[in-house]
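Trainee: Sequence:
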Amino acid sequence: MSSPSIDDERILELLVQERTCELEIANQSLLEMIDDLRVTEEALKKARDDAEKANIVKSQFLANMSHELRTPMHGILSFAALGMEKCGSAPTEKIMRYFSRIHESGQRLLHLLNDLLDLSKMEAGRMEYQLEQHRLADLVETVLEELDGLLQEKALTAEVSSDMEDSTVVCDRERILQVVRNLLSNAIKFSPAGGTIRITLSETKLPEGRRATDPHIVPAVLCTVRDQGVGIPEEELESIFDKFTQSSKTRSGSGGTGLGLAICREIIRAHLGDIKAFPASGAPGAVVGFSLPRRNIVFNKKKRLGEVLIEQGHITEEQLRQALISQSDHR
1 MSSPSIDDER ILELLVQERT CELEIANQSL LEMIDDLRVT EEALKKARDD
51 AEKANIVKSQ FLANMSHELR TPMHGILSFA ALGMEKCGSA PTEKIMRYFS
101 RIHESGQRLL HLLNDLLDLS KMEAGRMEYQ LEQHRLADLV ETVLEELDGL
151 LQEKALTAEV SSDMEDSTVV CDRERILQVV RNLLSNAIKF SPAGGTIRIT
201 LSETKLPEGR RATDPHIVPA VLCTVRDQGV GIPEEELESI FDKFTQSSKT
251 RSGSGGTGLG LAICREIIRA HLGDIKAFPA SGAPGAVVGF SLPRRNIVFN
301 KKKRLGEVLI EQGHITEEQL RQALISQSDH R
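Just so you know, the numbering used here puts 164 at position 164 of the sequence shown, and the rest follows in order with no gaps.
No wet-lab data here; the hints were simulated from the structure. Hints may contain errors.
[Claimed, not checked] Cβ pair distances, simulated, as ranges:
| id | residue 1 | residue 2 | range |
| --- | --- | --- | --- |
| 1 | A193 | M65 | 29 to 35 Å |
| 2 | Q60 | T200 | 33 to 39 Å |
| 3 | R269 | L44 | 28 to 34 Å |
| 4 | P284 | S161 | 42 to 48 Å |
| 5 | L15 | R48 | 32 to 38 Å |
| 6 | R269 | V160 | 24 to 30 Å |
[Stated by the list, open to error] Quick list of in silico lysine-lysine cross-link-like pairs, DSS-like style, CA-CA up to 30 Å:
| id | residue 1 | residue 2 |
| --- | --- | --- |
| 7 | K189 | K121 |
| 8 | K276 | K46 |
| 9 | K58 | K205 |
| 10 | K121 | K205 |
| 11 | K46 | K58 |
| 12 | K276 | K58 |
| 13 | K94 | K189 |
| 14 | K53 | K121 |
| 15 | K154 | K46 |
| 16 | K58 | K154 |
| 17 | K45 | K58 |
Where a beta carbon is used, it is the ideal one built from N, C-alpha and C, also for glycine.
Model the full assembly from the supplied sequences, consistent with the hints where possible.
Mentor: What follows is the structure in structure tokens.
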């Protein structure tokens, strides 16, 4: 047999090179597929974890909701039954006490339902706000006057300090009163008798948008409330603003639905402000504060599909109008 010619060897070398190149390309494609599969696997794992967390949150929400609704309803039914049973034999004072308990439980139930309705509107972007200029210092004083009786009951002192001459912000007066009222009520509830609650107003700045990384900043006013109670563990400084969540140090025997701070967060976010709990830095008590911008703000609203399509350039406003007219004609 004759030996391969030089041309045959060259052809064989080229074939080997071509095959090697094909194998390298195939190998690269395989590696890319493996990377894609790994990314997909991680995404699926994250989606599974998120779904499990959402399911746990939903279960906790339903359990807490059931408990919060059942407790006042049980009180109403129990004292109503006692009143009906003893209305002909019990003294008037006792019957009035039953009615008083029924009224208290009814008020608690109404307060819970109002909170749930408010929170639902806020999260859906359907809460309406009346924007005007207000001095935050005046709003704080208004709430302190409202809660003066509670302060006196526990011999508490409320001290207000400010490093600014003008604390004007653009806000919805009633909603910000609601925020201040909630923070001060919590401070009163968890402060020891004879203690001091310190309210501080100071200058600060906020991002112009919702992201902390937004380059533009606007002047704002920061209001902090510090009490001398049991405080908030550092690992719970963010979670206390979740629905039906209370600090582990204040969870037992203090009442409350765990919706107050969640509603406060929605109100402040709607004002493009910020609300947070701060580390107490070794001092006793809790520190919670919120910031509001001084300038006019435009509230975000839930956009209809047509508005989104126009913004993204999928259709024009005229095309949307014609589509709506055509849809109306076919009805």
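Trainee: Does each hint fit the structure? Answer for all of them.
Mentor: Right, here's what the structure says about each hint:
1. Evaluation of the 29 to 35 Å hint for A193 and M65 yields a pass: the beta carbon distance comes to about 33 Å.
2. A C-beta distance of roughly 34 Å is found between Q60 and T200, which places it inside the suggested range of 33 to 39 Å.
3. Distance hint check: the CB atoms of R269 and L44 are about 31 Å apart, consistent with the given range 28 to 34 Å.
4. One distance hint, 42 to 48 Å for the beta-carbon pair P284 and S161, is violated here, with the actual separation near 19 Å.
5. Taking 32 to 38 Å as the suggested C-beta distance range, the pair L15 and R48 does not conform, at roughly 48 Å.
6. Evaluation of the 24 to 30 Å hint for R269 and V160 yields a pass: the beta carbon distance comes to about 25 Å.
7. Taking the CA atoms of K189 and K121, the gap is near 28 Å; set against the 30 Å cutoff, the hint holds.
8. Note on K276 and K46: the hinted pairing holds, with a Cα-Cα distance of about 27 Å set against a maximum of 30 Å.
9. Of the supplied pair hints, the one linking K58 and K205 is violated, its CA atoms being roughly 36 Å apart against a limit of 30 Å.
10. The hinted pair formed by K121 and K205 meets the criterion: a straight-line CA distance of about 28 Å does not exceed 30 Å.
11. Taken as a hint, the K46 and K58 pair is honoured in the structure, with Cα atoms around 18 Å apart against an allowance of 30 Å.
12. Straight-line distance between C-alpha atoms of K276 and K58 comes to about 24 Å, which keeps the hinted pair within the 30 Å bound.
13. A threshold of 30 Å between alpha carbons decides the hint, and for K94 with K189 the separation of about 29 Å falls inside it, so the pair holds.
14. Note on K53 and K121: the hinted pairing holds, with a Cα-Cα distance of about 24 Å set against a maximum of 30 Å.
15. With a C-alpha separation of about 49 Å, the suggested pairing of K154 with K46 is violated against the 30 Å cut-off.
16. Note on K58 and K154: the hinted pairing is violated, with a Cα-Cα distance of about 38 Å set against a maximum of 30 Å.
17. Distance check on the hinted pair: K45 and K58 sit about 20 Å apart at the alpha-carbon level, within 30 Å; holds.
Going through the hint list in order, the structure does not satisfy hints 4, 5, 9, 15 and 16.
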